[in-house]
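Asks: Take these sequences, add in the hints, and give me the full structure.
Letter by letter, the chains look like this.
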Amino acid sequence: MQTKRTIFRSRGLPYLLLAPQLAITIIFFLWPAGQAVWQSFLREDAFGLKTSFVGLANYTRLFHSPDYLNAMQVTLVFAVSTAALAMILSLLLAVAVDRLIRASRWYTTLLVWPYAVAPAVAGILWWFIFNPTIGIMPYVLASVGISWNHLLDKGDAMLLVIVAAAWKQVSYNFLFFVAGLQSIPASLREAAAIDGAGPVKRFFTITLPLLSPTTFFLLVVNVVYTLFDTFPVIDATTEGGPAQATNTLVYKVYMDGFVGLDLGSSAAQSVVLMAIVISLTVVQFRFVERRVTY
Amino acid sequence: MVENQRWLDILAHITLILGVVVVAFPVYIAFIASTHHPVEFMSGMMPLLPGDNMVNTYTEVLSGGVRAQMTVPLTLMLTNSLIMALSIAIGKIVISILSAFAIVYFRFPFRMTAFWMIFITLMLPVEVRIVPTFKVVADLGLLNSYAGLSIPLIASATATFLFRQVFLTIPDELMEAARIDGAGPMKFFRDILLPLSRTNIAALFVILFIYGWNQYLWPILVTTDADFYTIVAGIKRMADVVDSEPLWNFIMATAVLAMLPPVLVVIFMQRLFVKGLVETEK
Amino acid sequence: MAAITIENLGKTYTGGVSAVRGIDIDIRDGEFVVLVGPSGCGKSTLLRMIAGLEEITEGEVRIGERVVNRLEPAERDIAMVFQNYALYPHMSVRQNLSYGLKNRGTPKAEIARRVDEAARILEIGAYLDRKPRALSGGQRQRVAMGRAIVREPAAFLFDEPLSNLDAKLRVSMRGEIRALQKRLGTTSVYVTHDQLEAMTLADRLVVLRDGEVEQIGAPLEVYRRPVSTFVAEFIGSPAMNMLDGEVAGGTLRVGGASLPVGVAPGKVKVGMRAEDMRLAGLGETAIPARLAYVEELGAQRLGHFEVEGQRLIAAFPAEQALSDEIALTVDPSALHVFGADGRRID
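Chains as they are written, first to last, in our numbering: chain A, 1 to 294; chain B, 1 to 282; chain C, 1 to 346.
Read the hints as simulated data drawn from the structure, not as lab findings. Just so it is clear, CB atoms sit at the ideal spot from N, CA and C, and this is done for glycine as well. Mixed in with the good hints there might be a few duds.
[Unchecked claim] Straight line, CA to CA, 30 angstroms or less: simulated BS3-like cross-link-like pairs of lysine-lysine: (1) A:K154 to B:K236; (2) A:K4 to B:K275; (3) C:K102 to A:K4; (4) C:K131 to B:K187; (5) A:K50 to B:K236; (6) C:K131 to A:K4; (7) C:K108 to B:K187; (8) C:K168 to C:K131; (9) A:K4 to B:K187; (10) B:K187 to C:K102.
[What the hints assert, rightly or not] Some chain B residues near chain A, calculated using beta-carbon distances under 8 angstroms: (11) P26; (12) V39; (13) V104; (14) R107; (15) W116; (16) L124; (17) I154.
Replies: Right, here's the structure in full:
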């Protein structure tokens, strides 16, 4: 691994410099993660008096539990829909901003601030807007003949969390799409125009393919975001309901661990999640490496 | 631009204005709600224009005068959020810049091990190890404390990698010149490295401040004592009233106050914010 | 000020790769020594070992009477000028010059005096309060020199300090460095890959090749009597002509000509400087050559010839007419004869 050509000679100092970071990493990251792995092989009896080693039983139980399989499905639908919605909207806005030179700064400022809104607050805002008794959206929807109640309807609940989660992510995607668009040399689009391609055709044959590294990068980031950072959105809006319709994998770890107190199962779920993060990180790094050699 | 088609420009403006409206809509509604009297929500239709109760609402939430829904005034929650956000941002920056310095400017046994240990934290977000981490913090007696709120969140591979990247782009000769000029490692760190990383530190600070301020799950877990509630985690507790319809104007006022500090940071430090965002994703 | 003694110096990296080995150089007090060689010859490594930036694995370096092998760069009483100048970008010129003195605890008044003195010598007084990025390449170069001067060190170490400048500035800075060094009388070690820079600056040249010393000597000495084909072809421009030849019975046969020489029989390499070549007069031993093309340099013209399938360059006065087929000759005393191993044998 890279260092400087010359280095400082000191025996103790580097360890001293690393100590705070490593101490926190070991105490709050590695040790708990190890505990999760260990716990996932154990089961406590009903009274919490005796713990026994059960091997892979927690995992077998997990993958045979309809609730867990449901959570997987919910997570998949949620992640894909949120990523798609947030990315399409932001691409549209980014393309529009890329066209306008003078006004782009103002629009950018007006579009990026939702990044700073806490997911929990975003959840509360949309929860209020879609509140079946006093919210404005159900009122508007009723006037066109659609009845809305995310407290009872599973589809409505899923839509609510998707909208709230995507709303917050648009600004992030927007910034990266704008940067991606600006890095496409103007000469390429000019060449295509000379070749007789109209604006729409240019977008689909030149801009979009050249934007694919950014798009792929954002896809991974958005999936990671919906998997792990949307816990507050769900907790603030639907709390996983109705009837588990919005109970994602992360929300379920929390519920089973803190509310259900099923430590073995919660730990096994944690381990599964770690496996997911590790594979996503590998995908992301593979991609970054490829981007370097472009 | 390639060609000057007027209708495309107009289309772009319309798209962006619609986008801005959609993005701003929820916040507008929240602000409107916070300016009305609670009774106005009983009618079944949320008002769309500002009411006359704004001053009253905000004074009451800030001073904690709202009985039954809040146990502590918002000023306290805002202070707690500020302390947590600052501790996390500063803490992360300090420990990452030190470890990046060690990794780049020294060669020592177990250097790779240290690097990989830090790298692994990328793959272990709080969400996947909630229960055991909570247990560690509880065992250390850190529940209901600022230390418990912030320290477990300050290890960061991203920030360490960012500083490593920054240091690697600083020419080797600068460190050699400093050594010839009689600067030891810490003197070099203070006199040369820190000033040269100033804008990176500022950009990272903006991102980390937002990250810290917006924490939700962790504060909910480690604070049961209302004196340590943060505002983002506090809203949910306000909205969860069992026996009556929530006091919407107060909840929405809290939501507005909760998003105000980080949003202002983004708007007024947009350049640093964008730099930080792009750099931390490299 | 001090002499620098380098004894049997070597550097082997962990993993066994050797950068330099067996280096012996005595640098006298106040002398200007230039280390020259192609890239990868170990000249920079050698300089950095003297500076203390590269660890010494064999032999020793003495500055004055002290063995400095284990000393930190700051304790060696040297100053260094880097190729990219390595000015601290966030400090003003004045702060850049003072930093090293401040770290040594030099009194404030003394720092101010020395900075002003250096600024006067280098004519950088007008921009003492500017940041390096507001300076031109030449000005940065002066500041880098200033940082070395204020320290009043035992020795200056230069690591290709002129290679980031454009050609014209390089020539004028070269002169200034030389004049400054004469005036201050500070022992200097200078690294360059540019043989012309090396020739013009050095009291003595050290030609390095693959981590070993090939030849040490005054510039003209090295130019006139290169010890090997490597030095012969490296020093001087255009590069020395090198033709295959054979010696038998006290006669050297080269390029179709026979010349008397006093070396042992066998295959040899024959070196001839372009400026030693001339048109053969009637009755003189001649090398028949075919003209390929002519380069006009203004004061001179360089004829590029083909001789028995080998390339040969000869310099002529500007007004000299050249025909396509020509007879060239050279005085036997101007011949450089090298053995099959590339070592000088005449």
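Asks: Each hint: holds or not?
Replies: Hint by hint, here is what the structure shows:
1. A:K154 to B:K236: holds (22 angstroms)
2. A:K4 to B:K275: Roughly 25 angstroms between the alpha carbons, so the hint for A:K4 and B:K275 holds.
3. C:K102 to A:K4: holds (25 angstroms)
4. C:K131 to B:K187: Judged against 30 angstroms, a Cα distance of about 21 angstroms means the pair holds.
5. A:K50 to B:K236: violated (36 angstroms)
6. C:K131 to A:K4: The hint holds at about 25 angstroms.
7. C:K108 to B:K187: Distance ~19 angstroms between C:K108 and B:K187 Cα, so the pair holds.
8. C:K168 to C:K131: Between C:K168 and C:K131 the Cα gap is close to 25 angstroms, so the pair holds against 30 angstroms.
9. A:K4 to B:K187: holds (17 angstroms)
10. B:K187 to C:K102: Holds. B:K187 to C:K102 sits at ~12 angstroms (cutoff 30 angstroms).
11. P26: holds (4 angstroms)
12. V39: With a minimum Cβ separation of about 12 angstroms from chain A (threshold 8 angstroms), the hint on B:V39 is violated.
13. V104: holds (6 angstroms)
14. R107: With Cβ-Cβ at 5 angstroms, under 8 angstroms, it holds.
15. W116: violated (10 angstroms)
16. L124: holds (5 angstroms)
17. I154: holds (6 angstroms)
This entry does not satisfy hints 5, 12, 15, going by the numbered hints stated previously.
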